[in-house]
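Protein sequences, first through last, are from chains A and B. For the first sequence, counting from 1, position 213 maps to 213 in the UniProt record's numbering; every step adds exactly one. For the second sequence, counting from 1, position 166 maps to 166 in the UniProt record's numbering; every step adds exactly one.
There could be a bad hint or two in this list.
Each pair may be met inside one copy or between any two copies, as identical chains are not told apart.
Stated by the list, open to error - Straight line, CA to CA, 20 Å or less: simulated SDA-like cross-link-like pairs of lysine to any residue:
hint	residue 1	residue 2
1	Lys269	Trp115
2	Lys269	Thr180
3	Lys269	Ile110
4	Lys170	Asp228
5	Lys170	Gly72
6	Lys269	Arg22
None of these hints come from the bench; they were simulated from the model.
Listed below are the residues making up each chain.
Number of protein chains: 2
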Amino acid sequence: MAEQHPFDVGIALEHSDDGTLRGRTDPGWNNMVGPFGGITAATLLHAIESQPDAHGAPLTLTVNFLAPIADGEFQVSARALRTNRTNQHWYAELSQDGAPKTTATAIFGIRRETWSDTELIAPDVPVPEDLPEPGTPRGVAVWIGNYDMRVIEGPYPGPDDGPSPSSLTKLWVRDRRGRTHDYAALTALCDIFYPRSYVRRAQVGPAGTISMTIYFHADSAELQSVGDDFLLGCARGNRFSNGYFDQSAELWSRSGALLATTHQLVYFKA
Amino acid sequence: MAEQHPFDVGIALEHSDDGTLRGRTDPGWNNMVGPFGGITAATLLHAIESQPDAHGAPLTLTVNFLAPIADGEFQVSARALRTNRTNQHWYAELSQDGAPKTTATAIFGIRRETWSDTELIAPDVPVPEDLPEPGTPRGVAVWIGNYDMRVIEGPYPGPDDGPSPSSLTKLWVRDRRGRTHDYAALTALCDIFYPRSYVRRAQVGPAGTISMTIYFHADSAELQSVGDDFLLGCARGNRFSNGYFDQSAELWSRSGALLATTHQLVYFKA
Chain A
1 MAEQHPFDVG IALEHSDDGT LRGRTDPGWN NMVGPFGGIT AATLLHAIES
51 QPDAHGAPLT LTVNFLAPIA DGEFQVSARA LRTNRTNQHW YAELSQDGAP
101 KTTATAIFGI RRETWSDTEL IAPDVPVPED LPEPGTPRGV AVWIGNYDMR
151 VIEGPYPGPD DGPSPSSLTK LWVRDRRGRT HDYAALTALC DIFYPRSYVR
201 RAQVGPAGTI SMTIYFHADS AELQSVGDDF LLGCARGNRF SNGYFDQSAE
251 LWSRSGALLA TTHQLVYFKA
Chain B
1 MAEQHPFDVG IALEHSDDGT LRGRTDPGWN NMVGPFGGIT AATLLHAIES
51 QPDAHGAPLT LTVNFLAPIA DGEFQVSARA LRTNRTNQHW YAELSQDGAP
101 KTTATAIFGI RRETWSDTEL IAPDVPVPED LPEPGTPRGV AVWIGNYDMR
151 VIEGPYPGPD DGPSPSSLTK LWVRDRRGRT HDYAALTALC DIFYPRSYVR
201 RAQVGPAGTI SMTIYFHADS AELQSVGDDF LLGCARGNRF SNGYFDQSAE
251 LWSRSGALLA TTHQLVYFKA
């Protein structure tokens, strides 16, 4: 039997008799506290995708992080709230011992050809092959080891870095072991960016996403054509105040297709 | 008895015996089909705010529009899913005859002073007093008459306008009858922008928000200091394809405070 890719292990769910789904945290996806938010978000999207009545492909997903997920088993429920002719609205919840830990709302839909244009301009950056391969991850967060991240601008602050007037990070990223980018993988990648406050202040400290929204622009064929190639991620903060900041980010294909735009609200201490 | 401001009539809710809230669509807030999405979003935020166990002030709100709201009565339920020390997670639903029409998730929280900075740069624009007052609204959408909107750039397309390479709209907006900007009013204003596809193509056609997310940056004191003054709104689309586009927008105070950032996914036909 072929071994499952670590990403698929991370988002794996089993159907149980009461109609809910059961999953289990995977140590390979650990963050500082609980699992990487991106794998949790991907798990919730995957829960919806794998429902027999799911209709169309993801258009948007909002994930709210209510409380840390403890190591071990969790339950996921996913419920279609409304099915229209061209779209479908979902509510999903990840819980442990009956307490909700993460919630998601999603809209799935049918895409049909219309007038189209990407107004946002793709940044001009060096190709990933011209950037150094990342070293062994520093071990702060285990999940980072699952990705090959090549930072162009706005790195995770090192001991010699000083404050920066800009929180902008540009990086190339792909799965280190070559998993293709489907909607679940893209969901996880939308949460790949370390807190923008770290980049601004060159200091790490308590910080965590409390809400993340994704707008999926790529249709299935476009995603498929990207395969497991590097994606270009760009992220910046808009306003930092009173313990919270918002981040806006984009994921681009190498050929310049805007695959997803994504936004977060992050709490931080500073 | 003092007459209620039209905005407060629009978001009014009555507590009923079964713990749900009852509201009623107001013809003064009509859009082409059903009420203006902004007033619906504000009603859901207001439903949460008015719960006796609400804790802190709004940090983020995501509203999904499932189906058109019919003229008449509706029910709203709001449920705290989790209360943490500094934040609280909510789920709210607006329904008619038992069918959900609009859902919302929100996070409320306590703000505490931290390092702060607005990284996004406020655009340099003329003051609202130097721009023409809007004429009588064209009557396409009744709700527009509730606002004094003064467009700086990217107007609603007129018969003589041609396609534009940019979907950017910049406008000043305030309540026409002088209502102060609290979180509910700010929520409605986040949905003030006509579809970005109209600006690009200089054509109106079927289009509607299917999901809207708001990050509230202003604390209560900052909002209070704005009073009922004009706010500067800027909105642009990132990618238009396959019947959907995303919009990113900001609301600024006249003094340059970034009060809210907000994002939408919009369906359109073209």
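Fill in: Violations among the numbered hints
Violated: hints 2, 5, 6.
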